[in-house]
Amino acid sequence: MSTPLAQQPLVIAGRTFHSRLMVGTGKFASPQAMSDALAASGTEMVTVALRRADLSGEGDPFADILDFIDPEKYLLIPNTSGAMNAEEAVRLARLAAAAGLPKWIKLEIHPDPRYLLPDPIETLKAAEILVGEGFTVLPYINADPVLAKRLEEAGTATVMPLAAPIGTNKGLDTKGQLEIIIEQAGIPVVIDAGLGIPSHAAAAMELGADAVLINTAIAIASDPARMARAFAVAVDAGRAAFEMGLPVAGRTARATSPLTGFLDA
Amino acid sequence: MSFVDEFNRLPGIASPRLQAFQRLLEPGHDLEALAARAAQTTRRHFGKTMRLFAPLYLSNECVNNCKYCGFSRDNPIFRTTLSVDQVEAEARYLATEGFRSILLVAGEHPKFVSNGYLEDCVRRLSAFVPSVALEVGPMETEEYRPVVAAGAEGLVVYQETYDRATYDTLHTAGPKKNFDWRLECPERAYQAGFRRIGIGALLGLADWRAEALALAAHCDYLLRHCWRASVTVSLPRLRPAAGEFEPTHPVSDRDFTRLMLALRLTFPQVGLVLSTREPARLRDGLMPLGITLMSAGARTEPGGYTGAGREALHRTERGKIVPLIGTEGEYATEQFAISDDRSAGEIAEKLRSLGLDPVWKDWDRALAHQEQAA
Ligand code: SF4
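Protein chains in written order, with the working numbering: chain W, 1 to 265; chain S, 1 to 374.
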């Protein structure tokens with residue numbers, strides 16, 4: 001009999017999830033490859049870029065990304081990628097809601113189109129507006145502990161700090177800051193961006209992250225479904241280890257029989 | 001300060017990044033190894049996707065004489081300027097083909113393509129095309145603003161050649177003679193609020209390595225100074241056109257490929273554009289290596305998609321309108337002959353066969369513009 005690895009469910013904004021892996025839907029070779037990967041990942045939360053979706057409600061077959069994601073199976077979380085300021089992000093979020101998408105929003109505001117680094121000031125501004133309008137807001141941020149607290153106070157459902165800039169595959173580049181964010185957080189912390197291989201995801205979970213979001217690493221794998229599965233397993237492994245309590249690495253070797261045992265004799 | 005100052009000091013103080021770029025252009029570098037690295041870098045930053053766009057020619061009237069261009073004022077060709085309704089008809093045709101990203105192209109003519117006209121075209125198209133960009137004669141920042149407000153998000157302006165002396169001999173008349181004014185155009189466009197800025201050099205006019213260095217320096221400058229804009233780089237090669245200009249510095253497929261790979265490795269996140277000027281075989285080969293934006297099924301004459309604008313057709317001789325005789329001039333003259341004449345659907349199919357997803361829509365009006373009041 002095999003023991004299930006991850007026991008604790010993840011709760012975001014009162015909704016319970018059994019998978020701690022979120023998956024992004026951009027950059028796949030085809031919609032089919034994307035939906036196969038989603039299925040293999042076991043994810044329950046999928047983000048989709050609104051700039052690629054048909055928000056006009058006209059059933060545009062050339063902007064059909066939403067047609068390939070079953071809303072019964074996945075919670076669809078629209079994202080505002082492409083927005084450069086709060087105004088644009090808010091406008092996109094409202095459009096998505098008007099188009100009948102869930103009132104959840106992955107808030108991404110990056111004025112710099114190269115590294116896609118999030119703008120902290122505009123993100124906070126937009127978060128305040130959207131929370132006020134009843135959105136469940138999941139903001140993508142730099143690994144900034146103070147900003148994370150400010151967003152939590154503003155009422156966001158999670159914070160989603162980056163591990164490293166998008167497309168870098170560097171893994172937990174911002175580890176020190178992430179530790180502080182996790183330690184201080186009263187809301188789930190989802191580590192986003194920069195996780196390039198399953199062991200990065202496992203390490204993020206061991207660190208105490210509540211979930212991770214993976215897109216590129218799965219989308220560009222030679223077999224995206226298989227890679228999605230590999231990430232799912234890594235996330236479960238990392239989470240289980242975290243829940244069990246990880247041994248603290250010691251700086252010096254410790255003998256099994258204490259060297260100073262004679263003192264107690 | 002503008003790029004002109006940095007440009008004037010080239011190649012003197014090329015930065016380490018540009019020096020590395022130059023080394024990649026040397027024949028000693030194993031092309032195959034470059035290709036492998038470029039392919040990997042592209043996938044990491046852009047995924048397995050390719051954005052598609054189509055050019056839409058508004059007018060082939062032009063007051064300039066650019067020796068290499070079929071639209072040059074002195075060329076005796078058939079010309080027309082589309083009405084806004086005709087532009088819409090062409091765009092609607094492109095939309096049925098799938099395009100959600102359209103580049104409006106026009107010659108430079110103050111009488112035909114004046115500011116209000118561009119604005120009207122952009123506003124009309126923005127209603128059903130998420131991404132509208134422009135490739136027209138350079139303008140002042142203040143002239144760009146209303147076009148941006150109307151919904152244009154991208155501006156493309158090629159320097160043609162970065163060699164001042166060559167530039168001077170090729171542009172014999174018209175406002176385009178002013179090299180620096182053109183060189184500073186992307187910065188003015190950025191100031192005016194354009195979100196995507198395209199630059200490029202028309203390959204075949206001067207030594208390609210020198211052009212490449214200047215182009216890379218320009219790109220580098222824009223990345224540092226126009227940090228909010230997406231920069232794209234295009235490498236159009238000269239094609240046969242009216243006027244029969246022959247390239248003085250032809251660029252081989254091999255050198256062309258090397259240049260593209262070097263750009264990809266030097267600027268991993270910059271969009272690289274490949275047009276239908278290139279033959280199908282080369283386009284197919286480059287698809288997986290570094291290109292992120294392609295045109296398809298392109299026509300390079302106004303009205304080329306639907307036949308619009310034929311009733312206003314006229315011929316010019318040395319810039320003067322002369323009446324048409326009999327049935328001559330059924331169609332406006334194209335800017336240049338395209339090479340890859342496959343349809344948008346065929347290109348999409350080819351991309352899929354290479355494991356790439358053709359992306360038609362990657363932009364939404366809500367991102368940059370207030371919705372137009374109904
Ligand atoms: S290149 Fe442009 S400016 Fe020059 S003649 Fe052609 S259309 Fe006119």
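It is possible that part of the hints are untrue.
Unchecked claim - These stretches of chain S come out as covered by chain W in the derived footprint (C-beta under 8 Å, 3 or more residues):
1. 26-39
2. 169-180
3. 217-231
Unchecked claim - DEER-style ranges, computed between Cβ atoms:
4. Arg23/S - Glu133/W: 32 to 40 Å
5. Glu140/S - Pro71/W: 47 to 55 Å
6. Lys73/W - Gly285/S: 34 to 42 Å
7. Asn169/W - Thr172/S: 36 to 44 Å
What the hints assert, rightly or not - Take a look, some chain S residues computed to stay more than 12 Å from chain W by CB distance:
8. Arg9
9. Leu10
10. Ser15
11. Pro138
12. Glu184
13. Thr257
14. Gly271
15. Ala348
It should be emphasised that the hints constitute simulated quantities derived from the structure, not laboratory data. Every residue gets a Cβ at the ideal spot worked out from N, C-alpha and C, and that includes glycine.
Comparing the hints with the structure gives:
With 0 residues having a beta carbon nearer than 8 Å to a beta carbon of chain W, the region 26-39 of chain S misses the requirement of three or more and the stated coverage is violated. Remark: the region 169-180 of chain S is not confirmed as covered by chain W, as 0 of its residues place a Cβ nearer than 8 Å to a Cβ of that chain, below the required three. Check on the region 217-231 of chain S: 5 of its residues sit with their Cβ under 8 Å from a Cβ of chain W, so the three-residue criterion for coverage holds. A C-beta distance of roughly 53 Å is found between Arg23/S and Glu133/W, which places it outside the suggested range of 32 to 40 Å.
Roughly 49 Å separates the CB atoms of Glu140/S and Pro71/W, a value that falls within the hinted 47 to 55 Å. For the pair Lys73/W and Gly285/S, the supplied restraint of 34 to 42 Å holds, since their beta-carbon distance comes to about 39 Å. Taken as a hint, the range 36 to 44 Å is violated for the pair Asn169/W and Thr172/S, whose Cβ atoms sit roughly 51 Å apart. Listed as a non-interface residue, Arg9/S keeps its Cβ farther than 12 Å from every Cβ of chain W; the least gap is roughly 25 Å.
With a least CB separation of 23 Å from chain W, Leu10/S remains clear of the 12 Å interface cut-off, as annotated. The beta carbon of Ser15/S is kept farther than 12 Å from every beta carbon of chain W, the shortest such distance being approximately 17 Å. No beta-carbon of chain W is positioned within 12 Å of the beta-carbon of Pro138/S; the least distance is around 23 Å. With a least CB separation of 21 Å from chain W, Glu184/S remains clear of the 12 Å interface cut-off, as annotated.
Every beta carbon of chain W lies more than 12 Å from that of Thr257/S, the smallest distance being close to 22 Å; the non-interface claim holds. For Gly271/S, the condition that its CB be more than 12 Å from all CB atoms of chain W is violated, with the nearest at approximately 9 Å. Consistency note on Ala348/S: stated as away from chain W, yet its beta-carbon is not over 12 Å from all of that chain's, at 10 Å minimum.
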